[in-house]
Amino acid sequence: MNYNVVLHTLGILLSFLGLSMIFPLSYAFYYQEERAIYALLSSIIITILSGLFLRFTFKSEGGIGRKEGFAIVTLGWIIAAAFGTFPFLFSGALNNFIDAYFESMSGFTTTGATVLQSIEDNPLSILFWRNQIQWMGGMGIIMLVVAILPTLGVGGMQLFKSEVPGPEPDKLKPRIAETAKILYLVYITISALQIACLYFTGMSLYDAIIHMFGTMATGGFSSKNLSVGHYNNLTFEVIITFFMLIAGTNFTLLYKVLHGDIKSLFKDREFIFYIGLVFISILIIATQLHIYIYKSILTALRYASFQVVSIVTTTGFVTIDFDQWPALSKSILIILMFIGGCAGSTGGGIKSIRILILIKKVGREFQKILHPHAITPIYIGEKRISDEAVSTVTSFFLLYIMIFILGSLVMAALGLDMISAMTSVATTLGNVGPGLGLVGPTQNFAFLPSAGKLFLSFCMLLGRLEIDTVLILLIPEFWKK
Amino acid sequence: MKIIIIGAGKVGLQIAQTLSRENHDITIIDKREDIREDIDSNLDIMTIVGNGASVRILEQAGIKEADMLIAVTRNDEVNMIACMTAKQFNVAKTIARIRNSEYMYANSISKEKLGIDYVINPEKATAKEIVRLLKTPSNICEVYDFAEGKISLFGLKIVEDSNFANKKLKEISFGQHALMVAIFRENNLIIPTGNDKIMVGDKIYFLIKKESYSDLELLCDKKNGPLQNVLIFGGSNIGIQVASLLNKIGIKTKLIEINKQKSETISELLPQTLVINGDGTNTELLKEEGIEKTDGFVAVTGYDEDNLLVSLLAKHFGTKKVIAKISRINYIPILEKIGIDAIVNPRLTTASAILRFLKSGDLIALTLLKEGELEVAELIAKKDSKIINKPLKLTNLPNNSIIGAIIRDDEVIIPGGDDIIIEGDKVILFTKTTEIKKIEHLFM
Numbered sequence: 019m020n021y022n023v024v025l026h027t028l029g030i031l032l033s034f035l036g037l038s039m040i041f042p043l044s045y046a047f048y049y050q051e052e053r054a055i056y057a058l059l060s061s062i063i064i065t066i067l068s069g070l071f072l073r074f075t076f077k078s079e080g081g082i083g084r085k086e087g088f089a090i091v092t093l094g095w096i097i098a099a100a101f102g103t104f105p106f107l108f109s110g111a112l113n114n115f116i117d118a119y120f121e122s123m124s125g126f127t128t129t130g131a132t133v134l135q136s137i138e139d140n141p142l143s144i145l146f147w148r149n150q151i152q153w154m155g156g157m158g159i160i161m162l163v164v165a166i167l168p169t170l171g172v173g174g175m176q177l178f179k180s181e182v183p184g185p186e187p188d189k190l191k192p193r194i195a196e197t198a199k200i201l202y203l204v205y206i207t208i209s210a211l212q213i214a215c216l217y218f219t220g221m222s223l224y225d226a227i228i229h230m231f232g233t234m235a236t237g238g239f240s241s242k243n244l245s246v247g248h249y250n251n252l253t254f255e256v257i258i259t260f261f262m263l264i265a266g267t268n269f270t271l272l273y274k275v276l277h278g279d280i281k282s283l284f285k286d287r288e289f290i291f292y293i294g295l296v297f298i299s300i301l302i303i304a305t306q307l308h309i310y311i312y313k314s315i316l317t318a319l320r321y322a323s324f325q326v327v328s329i330v331t332t333t334g335f336v337t338i339d340f341d342q343w344p345a346l347s348k349s350i351l352i353i354l355m356f357i358g359g360c361a362g363s364t365g366g367g368i369k370s371i372r373i374l375i376l377i378k379k380v381g382r383e384f385q386k387i388l389h390p391h392a393i394t395p396i397y398i399g400e401k402r403i404s405d406e407a408v409s410t411v412t413s414f415f416l417l418y419i420m421i422f423i424l425g426s427l428v429m430a431a432l433g434l435d436m437i438s439a440m441t442s443v444a445t446t447l448g449n450v451g452p453g454l455g456l457v458g459p460t461q462n463f464a465f466l467p468s469a470g471k472l473f474l475s476f477c478m479l480l481g482r483l484e485i486d487t488v489l490i491l492l493i494p495e496f497w498k499k
Numbered sequence: 392m393k394i395i396i397i398g399a400g401k402v403g404l405q406i407a408q409t410l411s412r413e414n415h416d417i418t419i420i421d422k423r424e425d426i427r428e429d430i431d432s433n434l435d436i437m438t439i440v441g442n443g444a445s446v447r448i449l450e451q452a453g454i455k456e457a458d459m460l461i462a463v464t465r466n467d468e469v470n471m472i473a474c475m476t477a478k479q480f481n482v483a484k485t486i487a488r489i490r491n492s493e494y495m496y497a498n499s500i501s502k503e504k505l506g507i508d509y510v511i512n513p514e515k516a517t518a519k520e521i522v523r524l525l526k527t528p529s530n531i532c533e534v535y536d537f538a539e540g541k542i543s544l545f546g547l548k549i550v551e552d553s554n555f556a557n558k559k560l561k562e563i564s565f566g567q568h569a570l571m572v573a574i575f576r577e578n579n580l581i582i583p584t585g586n587d588k589i590m591v592g593d594k595i596y597f598l599i600k601k602e603s604y605s606d607l608e609l610l611c612d613k614k615n616g617p618l619q620n621v622l623i624f625g626g627s628n629i630g631i632q633v634a635s636l637l638n639k640i641g642i643k644t645k646l647i648e649i650n651k652q653k654s655e656t657i658s659e660l661l662p663q664t665l666v667i668n669g670d671g672t673n674t675e676l677l678k679e680e681g682i683e684k685t686d687g688f689v690a691v692t693g694y695d696e697d698n699l700l701v702s703l704l705a706k707h708f709g710t711k712k713v714i715a716k717i718s719r720i721n722y723i724p725i726l727e728k729i730g731i732d733a734i735v736n737p738r739l740t741t742a743s744a745i746l747r748f749l750k751s752g753d754l755i756a757l758t759l760l761k762e763g764e765l766e767v768a769e770l771i772a773k774k775d776s777k778i779i780n781k782p783l784k785l786t787n788l789p790n791n792s793i794i795g796a797i798i799r800d801d802e803v804i805i806p807g808g809d810d811i812i813i814e815g816d817k818v819i820l821f822t823k824t825t826e827i828k829k830i831e832h833l834f835m
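Chains A and B, in that order, are what the protein sequence lines are.
If you count by my numbering, then the first sequence holds residues 19 to 499, one letter each, in order.
If you count by my numbering, then the second sequence holds residues 392 to 835, one letter each, in order.
This is chain A alone, in the form it adopts within the complex:
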């Protein structure tokens, strides 16, 4: 392990993070929020200075190998979340580090679970920061460094692989820095489009930007206590639903679509599976809501579709308290929490492609029973999935479920009831946001004991970096020189 290059790269990351605080700062000046100005200014200074200190103390000799890649990504996220707490702490929005760390980690990992009791009481610039970190975390903070610093070379690929969700991230261009740049460009383009849509249908610019951050990152932080439900505006809901669906799609695929290759969208098996899942879930839930709660089928459809898309993309925006829904609907939402969006999207969860591969693998097991000697390769579309990749996916699934079970036990030990304990882990591990029961859509996470908050922050990190990247750091052999 080459510690120098790890610390050097972390220094660069912190400098960028510090610089990015200029955006909320300009809002603080605009709204003349005095305390926030001081809070943000001191956060900027501390973060940039720490970054420069690391950068210039440690030399970037030797390249970034596999190990360094894992270390930079995981430590990078842990440290970024720590420095991200300063604006919350210094402005008094939150006055204890653990709460602030939970909020910050929930932001970076695009989870959207909050400990803020009343969101609207906070300075607008601090809320801007809270959502901006979601947007940065959505596409990846390390990816941003890779895109801006082309000198990382091969090392960039290690970082890219460790940070981008999904089993085998695709390179769009021969150079990894180019690939990162293009993905960010796609991200920025669609983000701008969403701001325009919301702004021109009547939302204020500030609210439009805040909700774009929450949507495109599939994060789910809102500047309103009642989330998107606050506006009770069908147009906004349709726009946000549409962009959530996009954010849950593979960005490599979106790049192709933006380049006019719309056909590739309907050739992509993962995308078809993802959209199919959304439609079937909406259909079942809307029917049930129509039977049990709403007289109007359109109202049922409206709430069902928003909530299904919000949960499957792991965004976590809320327009209605779905904790009051009948059991079948709630169960479907919980299953969707586990499945999540597509690989290479900003969404969390296990990812559609993995589920698809697992389903095919199960099918193959049955075929093997009927024809013991059959050669049965697994194809997704035209792409052959190697047995090795299938086994990696299987073990990822197993690990995900194991962490969910163990995590639920931990939360139950901390005193939560069964539903709250299980959904709190499922929702943080999947980077969704709201759960059920005590952590339901109208509740928040403030009541949890500190240990619970720290543990759930860890679950969010595990979910965002897809487990292996984080857990590998816990193996002592990893740190040997």
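The hints are simulated quantities; they were obtained by calculation from the structure and are not laboratory data.
Only a predicted model underlies this, so the values are computations on that prediction, with no experimental measurement involved.
One or more hints might be untrue.
As the list claims (entries may be wrong) - Result set (DSS-like, lysine-lysine): computed pairs, CA atoms no more than 30 Å apart in a straight line:
| hint | chain 1 | residue 1 | chain 2 | residue 2 |
| --- | --- | --- | --- | --- |
| 1 | A | Lys77 | B | Lys829 |
| 2 | B | Lys422 | A | Lys191 |
| 3 | A | Lys498 | A | Lys85 |
Based on the hints, put chain B in the right spot on chain A.
Relative to chain A, chain B alone:
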């Protein structure tokens, strides 16, 4: 530039590595799925798994925007078809490695019709290199020509009884026509100054003008007279080509081949060569054929181990110049220590030849030394190059780099610190591969 390379073998990877360091966009296509991870963790290039001759795969690799295609798979036919396809997509430059000389025999199919701009035959290139090495004094193990042969670079191994051993550079007179450009010691590159001492076991590189080749004999080993006869071990394609090249310049050749039928075919091909059917690893046979009185020995069978051991044997019997062909690049660093005069590696030779062709129309021509660690670049100074019009000692040439020669209107200058590069000069420069970007910047 966007460059597609087909075949991620040693040649393909060597070229990919060199070109990607110079900021070209490289896409490599190979059939084997398992190499992908390896490439991804070592090179910043795109890997595509598939058949490089298939249009679908080529389209996926972005053939429409590609500026160049290099086909170096094992399979001649795939390489040819890939180049033909590339030309249909209007790729500017195509290069194919073609082993089977039958395909190129008497230009039976014209290169233009096939759409191949440059054909490299590794065996032919290696044979040429062997002959070049044979013609130089015995302790010289590498020779490269630059500026259309006006100046050559020699690699020299320092052995104990060498004229140079344990001397400081300023004590050695190279004359006006030669310049010592680099010392390799324990795999480290040293750009020498007057105070550096040459040690036994070093490998030194120096540049020398063509008109002073006769001085070369003085500088090197005087003991050996000119080469008169050569014994070739192995009737491989390389062996046959070496023999025929040597025959043309009037050097007597003997060739040992173990396979009877093959021996007969070779003897028909090479009427001037004495072909011996027998086992070259047999010392009795070697002695019988006069290995003790042979000037040059070339081991080019298909087996690295045979080539090595029999070469050592030849050295032991007193052959003046021994050259072995080695396929495995990894062995090379230790081989030079054990006493074989020169090693040739068809893959490095091929990669080097391709890179030289790539750059020939361009600003810069390249030759790789030391398994690709050191580069010799030929650059042309342009009107607004940063390096021109000031004394060399004032330019910020990166460390580990040295300007070996300046060619100005057919005149070769071996420069000192006060010399100045002017517009239109061709500059021959030595540098570590990692510094090449900085160098290009100076010449931009």
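Quick rundown of the hints versus the structure:
no., hint, in the structure
1, A:Lys77 <-> B:Lys829, "20 Å, holds"
2, B:Lys422 <-> A:Lys191, "20 Å, holds"
3, A:Lys498 <-> A:Lys85, "10 Å, holds"
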